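K.L.:
Each protein sequence line maps, in turn, to chains G and B. Under our numbering, the first residue of the first sequence carries the number 1, and numbering increases by one thereafter. Under our numbering, the first residue of the second sequence carries the number 1, and numbering increases by one thereafter.
Keep in mind the hints are simulated off the structure, nothing from the lab. Given the structure is predicted, the values throughout are model-derived calculations rather than measurements. Please note that a few of the clues may not be correct.
To be verified - Distance windows between CB atoms, simulated:
#1 G:217 x B:25: 46 to 56 Å
#2 G:138 x B:6: 34 to 44 Å
#3 B:33 x G:73: 49 to 59 Å
#4 G:209 x B:297: 51 to 61 Å
#5 G:43 x B:323: 44 to 54 Å
#6 B:185 x G:137: 55 to 65 Å
What the hints assert, rightly or not - Residues from chain B that keep clear of chain G, each with C-beta distances beyond 12 Å, as calculated:
#7 87
#8 190
#9 192
#10 196
#11 244
#12 246
Every residue, glycine too, gets a C-beta built ideally from N, C-alpha and C.
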Amino acid sequence: MAEDNNTQDAPVAGGTKEAGFLNRFDNPWLNWKFLSGTGMLGCLFFLIFLGYQLWDTDLALSARAPLNLPPVGFENWRGQEGIPEHPLGTENSGRDMLALWIVGTPRTIFVGVIAATVGMIVGIILGFMAGFLGGTFDDVIRLAVDIAITQPSLLYLIVIQAVLGTVDLLTMALLISLFSWATPTRYIRAQVLSMRESGYVQMARLSGVPVRDIMFREIMPNLLPYLGASYIGNMQGAIISAVGLEVLGFGPQRIPSLGVAIFFAIEAGALFRNMWWWWGIPTITLSVVFVALLLINLGLDEVANPRLRKAN
Amino acid sequence: MGGISLNYLVRRLLVFFLTLWVAATLIFIIPRLAPGDPIAAMVARLSYQAGFVENSNAIIEGWKERFGLNDPVYVQYVRFLGGLLQGDLGYSMARFPATVTELVGRALPWTIGLVGISTVIFFVVGNLCGALLAWKRTPRLAKVVIPMSMIFTSIPPLLAGLLLSYTFAFLLGWFPQSYSYGFGMTPALNLEFILNVIHHGTLPAMAIVLVTFGYWALGMRGMMVTIEGEDYMILAQAKGLKPFYVLYRYMIRNAILPQMTALAVSIGTLVNGVVLVEVIFNYNGMGTLIVTALREQDFGLIQGTAFILITTSALAVLIIDLSYPLIDPRISLEGR
Numbered sequence: 001m002a003e004d005n006n007t008q009d010a011p012v013a014g015g016t017k018e019a020g021f022l023n024r025f026d027n028p029w030l031n032w033k034f035l036s037g038t039g040m041l042g043c044l045f046f047l048i049f050l051g052y053q054l055w056d057t058d059l060a061l062s063a064r065a066p067l068n069l070p071p072v073g074f075e076n077w078r079g080q081e082g083i084p085e086h087p088l089g090t091e092n093s094g095r096d097m098l099a100l101w102i103v104g105t106p107r108t109i110f111v112g113v114i115a116a117t118v119g120m121i122v123g124i125i126l127g128f129m130a131g132f133l134g135g136t137f138d139d140v141i142r143l144a145v146d147i148a149i150t151q152p153s154l155l156y157l158i159v160i161q162a163v164l165g166t167v168d169l170l171t172m173a174l175l176i177s178l179f180s181w182a183t184p185t186r187y188i189r190a191q192v193l194s195m196r197e198s199g200y201v202q203m204a205r206l207s208g209v210p211v212r213d214i215m216f217r218e219i220m221p222n223l224l225p226y227l228g229a230s231y232i233g234n235m236q237g238a239i240i241s242a243v244g245l246e247v248l249g250f251g252p253q254r255i256p257s258l259g260v261a262i263f264f265a266i267e268a269g270a271l272f273r274n275m276w277w278w279w280g281i282p283t284i285t286l287s288v289v290f291v292a293l294l295l296i297n298l299g300l301d302e303v304a305n306p307r308l309r310k311a312n
Numbered sequence: 001m002g003g004i005s006l007n008y009l010v011r012r013l014l015v016f017f018l019t020l021w022v023a024a025t026l027i028f029i030i031p032r033l034a035p036g037d038p039i040a041a042m043v044a045r046l047s048y049q050a051g052f053v054e055n056s057n058a059i060i061e062g063w064k065e066r067f068g069l070n071d072p073v074y075v076q077y078v079r080f081l082g083g084l085l086q087g088d089l090g091y092s093m094a095r096f097p098a099t100v101t102e103l104v105g106r107a108l109p110w111t112i113g114l115v116g117i118s119t120v121i122f123f124v125v126g127n128l129c130g131a132l133l134a135w136k137r138t139p140r141l142a143k144v145v146i147p148m149s150m151i152f153t154s155i156p157p158l159l160a161g162l163l164l165s166y167t168f169a170f171l172l173g174w175f176p177q178s179y180s181y182g183f184g185m186t187p188a189l190n191l192e193f194i195l196n197v198i199h200h201g202t203l204p205a206m207a208i209v210l211v212t213f214g215y216w217a218l219g220m221r222g223m224m225v226t227i228e229g230e231d232y233m234i235l236a237q238a239k240g241l242k243p244f245y246v247l248y249r250y251m252i253r254n255a256i257l258p259q260m261t262a263l264a265v266s267i268g269t270l271v272n273g274v275v276l277v278e279v280i281f282n283y284n285g286m287g288t289l290i291v292t293a294l295r296e297q298d299f300g301l302i303q304g305t306a307f308i309l310i311t312t313s314a315l316a317v318l319i320i321d322l323s324y325p326l327i328d329p330r331i332s333l334e335g336r
């Protein structure tokens, strides 16, 4: 995975050689990590889109299907076989797993997108101001980041949710975003600090360009790949928090997202009853999302940091 | 420790104590910001369970008086902070005679053990793999095998825990499915018990290590690549130093420094992951304790567990930060 593009012994089969060839000279965006990551997410979204067109998503509500059926071609512990009406099986309150997958996957990603976006916006504003203005403001921000960045956010979220009870996904996303500004702030501040001294910024300063324009029209475009990588990392973190909270039982219960499905499965002892499809399908889907996000992140890193491209 | 500059020490201690203060304040404020009255809610729950509770208003008043909830908020706040300073976290509401400190004291060592051992493993293995990936003399085979083993990187420990528990505990039966030691065993310092604990802890630790070490390998590889271009590397090779000596003394020792900083930053995420892994494996540490408290609606225990776990991770960060100047003398000279 960490193997470089232009070596022949890269481990991931297929595509490596061609992507490495494309990448060798020109466009840094065409590295195989970025392409395969976006490709995986693209396929996932396409399947979900198809699902919405072709499948009855109301089946994700409870009591719409027979209980505890396995996927087609398998047998459950009672000896029942899967039926084509419910190709991915059903769980113990009569939800169709395929419909649940179609509805639940985008809901999980939605939380990540909202929380990461809010955290990122705050991070950009604070990071730019701290890095560019310096002085007392910078000291305060740096201290706040130092304190916030090492906190186990899940514990605060548990305390908050223990008070609020179950909340809808948007509230959950906003709560998570309370803890996702520190990393981007720190990252962006460091980048801005190093760019502030570069020639073109000095030039703009000497020419009397307003500070706001230097920040957002001179520095920001150069930071885009960094911001992208930071955003994706933020999204991973937000989805992890959301899934964690959902698995603890804080997610919306009527129309479940993937984490809630896992919560129900654990509560019902699906692990012991060998109902692997119940928790397995959400787990595998989430794993695919995380691997795709990591690949995109690494790809963007390569765009941002030419040194990594030249490695080996 | 003579190398640590005063400036550095003061700043780290400031961050540490501010962290504790912020955590305590947030944990104090959060329940008071929420709509509704916790005592009234609890009595409502009691009457829901028991059908009817006589004199519920009198009970509410009595409890409020007992816990000092009629005092002004700042008095309650000062009392709360004072209690924390003395290690008094109050009583568990659901298991009344037991204090929170008692319950936490029983759970905390297990969590610290699990996190500590996993951290050592993934940090050593991850950095070693990263160094080998970047090193020119690494056998070709290793350069193929290591990236393949990193396929699980970035999957949350929770999900890895589910997959491991199903595969190795349910299907294959190689490892126990839950708890930190076998039923009917009494904790003692003998070989049998220790082996049993290792047997129980393997899967939870694996759930953390398998998905984490890849990050460290990637970070290490990035650092090594940067270092390889330095002038002193060329000099070291020109001097004819042994390759292993160059790898260890010139490359790894320099590349490991940013990794230590990254480790301090990642403690919070690590603790998040461990809490959830414990839930999957029903491991009797802090994560399982806080979830049990959630089920029992035992708010005092939730607060106490969260606070102690936050304190513990802040302490871990402080220790890493303070040991940093020992391995990087530049910090003590620079003075910040």
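K.L.:
For every hint, state whether the structure bears it out.
P.N.:
Here's how the hints hold up against the structure:
1. Hint check: residue 217 of chain G to residue 25 of chain B, Cβ distance near 40 Å, so the stated range 46 to 56 Å is violated.
2. Our hint of 34 to 44 Å for residue 138 of chain G and residue 6 of chain B is violated, since their Cβ atoms are close to 22 Å apart.
3. Between residue 33 of chain B and residue 73 of chain G the C-beta distance comes to about 52 Å, which sits within the given range of 49 to 59 Å.
4. Distance hint for residue 209 of chain G and residue 297 of chain B: a CB-CB separation of about 58 Å, consistent with the stated range 51 to 61 Å.
5. For the hinted restraint 44 to 54 Å between residue 43 of chain G and residue 323 of chain B, the CB-CB distance of approximately 46 Å keeps it satisfied.
6. Remark: the range hint 55 to 65 Å for residue 185 of chain B to residue 137 of chain G is upheld by a beta-carbon distance near 57 Å.
7. No beta-carbon of chain G comes within 12 Å of the beta-carbon of residue 87 of chain B; the shortest separation is about 19 Å.
8. Every beta carbon of chain G lies more than 12 Å from that of residue 190 of chain B, the smallest distance being close to 31 Å; the non-interface claim holds.
9. Annotated as non-interface, residue 192 of chain B keeps its C-beta farther than 12 Å from every C-beta of chain G; the closest such distance is 27 Å.
10. With a minimum CB-CB distance of about 22 Å to chain G, residue 196 of chain B clears the 12 Å threshold, and the non-interface call stands.
11. Every C-beta of chain G lies more than 12 Å from that of residue 244 of chain B, the closest at about 20 Å, which supports listing it as non-interface.
12. Every Cβ of chain G is farther than 12 Å from the Cβ of residue 246 of chain B; the closest lies at roughly 17 Å, confirming the non-interface assignment.
Checked against the numbered hints given earlier, this structure breaks hints 1 and 2; the rest are met.
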